[in-house]
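Student: Below, each chain spelled out in residue letters.
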Amino acid sequence: MGRYVARRLLQMIPVFLGTTFLIFFMVYSLPGDPVAGLFGDKGVDPATLAAKRHELGLDLPIWEQYWNYMTNIVLHFDFGNQIRNGRPVTEVLGDAFPITLQLAALAFAFELIFGIGLGVIAGLRAGRLADNAILIFTLLIISIPVFVLGFIIKMVFAFELGWMAPNVSNEQKWSELIAPAIVLGGLSLAYVARLTRTSMAENLRADYMRTAVAKGLPRRRIIGVHLMRNSMIPVVTFLGTDIGALMGGAVVTEGIFNVKGIGGVIYESISRREGTTLVGLVTVLVLVYLATSLLIDLLYAVLDPRIRYA
Amino acid sequence: MRGAKSAKWVAGAIVVALAATACGGSSDSGSDAKGEADPNGIFSIELGEPEKLLHTGDTMESNGSAVMAGLFSTLVDYKADGSLEMINAESVETTDSKTWTVKLKKGWTFHDGTPVTAKSYVDAWNWNANINNAQGLSSWFADIKGFDALHPEKEGAKPTAEAMEGLKVVDDSTFTIDLKSAVPAFGHKLAYIVFAPLPASFYKDAKAAGEKPVGNGPYKFDSWDHKKQIKIVRYDDYKGPNKAKNGGVLFKNYTTLEAAYEDLKSGNVDVLRQIGPKDLPVYRADLGDRAVDQAYSAIQTLAIAFYADQWKKPKQVDPKVIQGLSMAIDRATITKTVLQGTREPATGWVAKGVVGYQENAAGDVTKFDPAKAKELIKAGGGVPKNEIFIQFNADGGHKEWVDAVCNSITQATAVKCTGDSKPDFQADLTARKSQQVKSIYRSGWVLDYPVNSNFVSDLFRTGAAGNQGGFSNKALDAKIAAADGAATLDESVKQFQAIEKDLVNYMPSIPLWYYKVNAGYSEKVSGVQYGQDGDPILTGVEVKK
Chain A
99 MGRYVARRLL QMIPVFLGTT FLIFFMVYSL PGDPVAGLFG DKGVDPATLA
149 AKRHELGLDL PIWEQYWNYM TNIVLHFDFG NQIRNGRPVT EVLGDAFPIT
199 LQLAALAFAF ELIFGIGLGV IAGLRAGRLA DNAILIFTLL IISIPVFVLG
249 FIIKMVFAFE LGWMAPNVSN EQKWSELIAP AIVLGGLSLA YVARLTRTSM
299 AENLRADYMR TAVAKGLPRR RIIGVHLMRN SMIPVVTFLG TDIGALMGGA
349 VVTEGIFNVK GIGGVIYESI SRREGTTLVG LVTVLVLVYL ATSLLIDLLY
399 AVLDPRIRYA
Chain B
157 MRGAKSAKWV AGAIVVALAA TACGGSSDSG SDAKGEADPN GIFSIELGEP
207 EKLLHTGDTM ESNGSAVMAG LFSTLVDYKA DGSLEMINAE SVETTDSKTW
257 TVKLKKGWTF HDGTPVTAKS YVDAWNWNAN INNAQGLSSW FADIKGFDAL
307 HPEKEGAKPT AEAMEGLKVV DDSTFTIDLK SAVPAFGHKL AYIVFAPLPA
357 SFYKDAKAAG EKPVGNGPYK FDSWDHKKQI KIVRYDDYKG PNKAKNGGVL
407 FKNYTTLEAA YEDLKSGNVD VLRQIGPKDL PVYRADLGDR AVDQAYSAIQ
457 TLAIAFYADQ WKKPKQVDPK VIQGLSMAID RATITKTVLQ GTREPATGWV
507 AKGVVGYQEN AAGDVTKFDP AKAKELIKAG GGVPKNEIFI QFNADGGHKE
557 WVDAVCNSIT QATAVKCTGD SKPDFQADLT ARKSQQVKSI YRSGWVLDYP
607 VNSNFVSDLF RTGAAGNQGG FSNKALDAKI AAADGAATLD ESVKQFQAIE
657 KDLVNYMPSI PLWYYKVNAG YSEKVSGVQY GQDGDPILTG VEVKK
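Line by line, the protein sequences are chains A and B. Heads up: the first sequence begins at 99 in this note's numbering, then just goes up one per residue. Heads up: the second sequence begins at 157 in this note's numbering, then just goes up one per residue.
Keep in mind the hints are simulated off the structure, nothing from the lab. Note that the coordinates shown come from a computational prediction; the quantities given were computed from them, not determined experimentally. Backbone N, C-alpha and C define an ideal beta-carbon position, used for all residues, glycine too. Heads up, none of these hints are tricks.
Chain A stretches covered by chain B per the calculated footprint, using a threshold of three residues with CB under 8 Å from any CB of chain B: (1) 131–137; (2) 173–184; (3) 189–195; (4) 260–266.
Let's have the full structure, built from the sequences with the hints guiding it.
Tutor: Spelled out as structure tokens, the structure:
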């Protein structure tokens, strides 16, 4: 087990270097000059442009820029400064991540509780009315685009009923984040419910289930321990990768509900060619993905005793 | 004038806003009758995160400009009719438009309590002009003698002087400015934020000062919560004529214009600067008399890329062809339908509200007349390859009207017209800089200072930074130089008016329409006015109790 974890951690290093380099290179080869973009339609003299570029180290060849960038990250945990306002990228990310984390946590809790809950109900009553109702409900959620769902929720609950403010304010209270979290978690909720349902329905017919029933175990224990644990493996796999997606993929939802999280930063950094911000952000997201995927692999062994890591 | 603000980040000469307060006149007194105003009330306004540090020499986009307008006062400002008003200056005098003497009002202080002196101005200008500080607006000082020593043209060159030779401090409240040659509009330029003074504390740590600016304006800086909000509060010791009628301003950041509009309707924000396209059809009905629909000094044009093979080979394009294309555009219908009444058809190259604006300067060329259009194009030898491309940036909401303009041209003249979309503004700019525009690109211009030279000299002079299409005409250059160097402003304005009328014969660009402010405000505030640059005038807003 310990050796397995160590090996996985070592594997992360080339993955980390590879992804950051790819992103770095891709951003810098996009057409469009971030420094010239500072001055807009009216332009600026080449001397000022050159001075600005030199100040930011953008006049170096890309290999050297990447080298400087990576050494700063690894040695000083310094992600560099933004081109436009000179703010340290760590500060920009430090502002945006907690909010997205909050939103993602709520969305995750939402999809976990309701997704698995619905899945369990459907799985145990496979083929019956409840199962079909849940099937239709999840189909509906999957087929509605995120922004449509967002606007419907706003329209109904904010404008018609007046139960909530249409937008998240600058204080980002938990209560304000519920609506965006539902929208954000909605799609995954449907997948979680369906995965759980299928997996449960399948395992109900497994040999160890028959054995458990034959042993005369109470129904609660059969379902709670024997059935659930084994059925959770595909669900946990999905949930794990979904954490990363929730953190990074909230561009649309954050835009609709005026949440100033990672989504907006990603969008802005791409359109302004803020290479350092974008690479820093992706670096953190890559770390999140790597950590969760390791965690999931370790969870497999906990859930299914037949899986062992050497 | 090199290096100013772009029309994409619709920006503006800050001080217009301040000036217009003083001459706001009758309209704001009328609306006060309903509710008692609270002189200490703080109102909120929708604003994006400023792109850069709040430096007077580098703030050129509208988000930063709006904040800086509250924090700094410049020497002068201009009224809606274009005449100058003294703010921090007691007087700005010249006899030949070349040597200017500035006397300051006494008793002014920065927000940290230090006095505003002639040195505060001279030092600030020298710092902003210095190439080492790489300030985006530094070329505004190019008129001043000795600028080149501080800001050499060549890439990578070091400055050879510490200060501009043309700036001299006479005493604490007097200084003189020597220009390289006569610049009649220089007094008007002084209203721009880059000419604001800076306190001594600024030079100790310029970066920190950009995060927490100390100014001399009607508001002092309170806090900046990045990407969320900026707060400025009234400066009680302010001596200027444009004292704030409210207790302060909270600039709130929104992810989208739609979100801001929803918050306006639910009372969470008081003043908007712009309404998103989605809400434009309904906002007048939603807001009633709180809906704003007002012209400001900016213009959208189709600029011709004269360097492109299409216009150059085998022979230089005949302006008649471009006149024909212009007459093939149905501006009235497009502004009404596609742009939903947010623009007004242009009839010349100088925007409304600018000194020297003349109606119908372009004559018939901006009128929709398919028959005449066809005739002109034929007379000019036809459009090469019978096909044109209009380059635009897809992130700016331009696609709809570009398509409409193309349709209009194709229907009227059978010239094939295609929108050439660049993914974003940066890519659009790069194509313009590297001279890769295929035939035509969309362009925009917001006033820097309210004089017509800003819309002629800065756009169509050979080599002007705003002249990215490579338009060049010796005869016109000579006329512009003469007008730029005229001894008085009146004379210069008149000469530029003649030049604008003459532009029809060259067609350096096709004027499309003037911009309008489409905005609104909440029931909590009154006296909301928008300046010539399209930004709301902060000091005049009154908050109801």
